[in-house]
Amino acid sequence: MLKALYSVLLPFLVSLLLAYILDPIVGFFQNKCHIKNRALAVIVTLLVIIGLISAAISIIVPEAKAQYHVAEKAFAQYIAEFDINNYVSAETQEKFFKFNREWNLQQFLAREDINQGIQEFFPKVISWISGGLSALGSLFMVFIGLMYLIFLMIDLPRIRETWSNYVPKKIRPQAIAVVDKVDENMSAYFRGQVMIATCVGVLFAIGFNIIGLPMAIIMGLIIGVLNLIPYMQALGIPPCIILAILQAMTTDRPLWLCLVLVAVVFIVVQAIQDMVLTPKIMGHAMGLSPAIILLSLSVWGAILGVIGMILALPITTLIIYYYDRYVANRGVTSRAHQDVYQGRLRKIKEEK
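Each residue of the sequence shown is one higher than the one before, counting from 1 in my numbering.
Check each hint, because a few of them may be wrong.
Said to hold, decoys possible - With a straight-line Cα cutoff of 27 Å, these simulated DSS-like cross-link-like pairs (lysine-lysine) come out:
no., residue 1, residue 2
1, LYS169, LYS181
2, LYS280, LYS181
3, LYS170, LYS181
These are calculated hints, taken from the structure and not from any lab test.
Computed from a prediction, not measured in an experiment: that's the story for all the values here.
Based on the sequences and whatever the hints tell you, model everything.
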């Protein structure tokens with residue numbers, strides 16, 4: 001059933017996670033800015049986020065265009081001054097020309113299997129067009145996800161208050177204890193991850209600026225945002241390679257040196273993140289040792305992929321808590337959770 005409904009459930013689950021992450025911001029506008037209407041606070045939150053994203057795009061796009069024009073001019077100059085004799089020996093060139101004479105291009109294209117391949121190409125074009133139509137369906141799913149997000153952000157306080165009504169009374173106190181622990185761990189995890197991503201973005205911006213990479217600060221901040229999902233900063237490697245090539249074209253540095261300097265920045269920042277930032281920040285926020293943190297990221301990443309790395313530390317903390325509380329009987333918070341449970345029951349009765 002989950003496999004059949006995956007495309008439908010995915011926007012809802014992503015929207016639920018985003019609503020949970022953005023809930024403190026909505027609470028800030030409600031409590032600190034005195035916007036008592038929940039729906040209005042949600043709208044203000046979304047407008048602020050959209051404004052920040054738009055501001056970031058307005059800063060990045062002109063800089064990217066300027067770097068593109070610099071790269072275009074540098075590449076044109078590089079092609080104009082390019083001399084193949086500086087890179088390929090005369091003997092190698094003669095071998096290439098001999099190979100080209102032996103493999104006549106016209107005869108090669110006249111082969112039956114090549115013609116058949118060309119004929120098979122056109123149905124693929126049709127499939128690409130149908131893929132474009134499926135992209136419209138994806139945009140529709142994004143719109144549905146946005147609707148989910150708005151409604152969930154508005155209803156989240158009511159969901160927090162009433163979800164326990166659907167749990168049998170016999171296990172309700174234990175369920176409240178477990179869910180409260182999950183809520184506590186998730187909040188600590190996201191706070192810690194934002195701190196780590198901020199530090200990593202600053203470190204990358206400083207490192208790229210030191211080695212003189214184009215768009216150093218912008219690229220560093222982009223990698224910092226990617227780092228909100230553990231180890232997703234690897235997606236920043238291809239654009240950094242392109243910028244290193246641009247740096248080699250516009251300066252006197254050899255290409256290999258530019259690539260080595262980019263690799264050094266990645267290695268140093270990754271080492272600082274794994275050996276200092278993650279153990280200190282996450283270990284302090286969630287009470288886990290550095291060894292357990294690295295082990296949990298590896299295990300849950302292997303089991304659930306990227307989603308597993310996102311939820312690795314909260315799930316690990318929950319398992320440890322459940323073992324201590326209900327298996328080893330080392331829990332000491334049962335009385336507190338009973339009080340929470342009784343308080344919620346009294347509030348529900350008063351509302352009725």
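Those earlier numbered hints the structure runs against, lowest number first: Every hint satisfied by this model.
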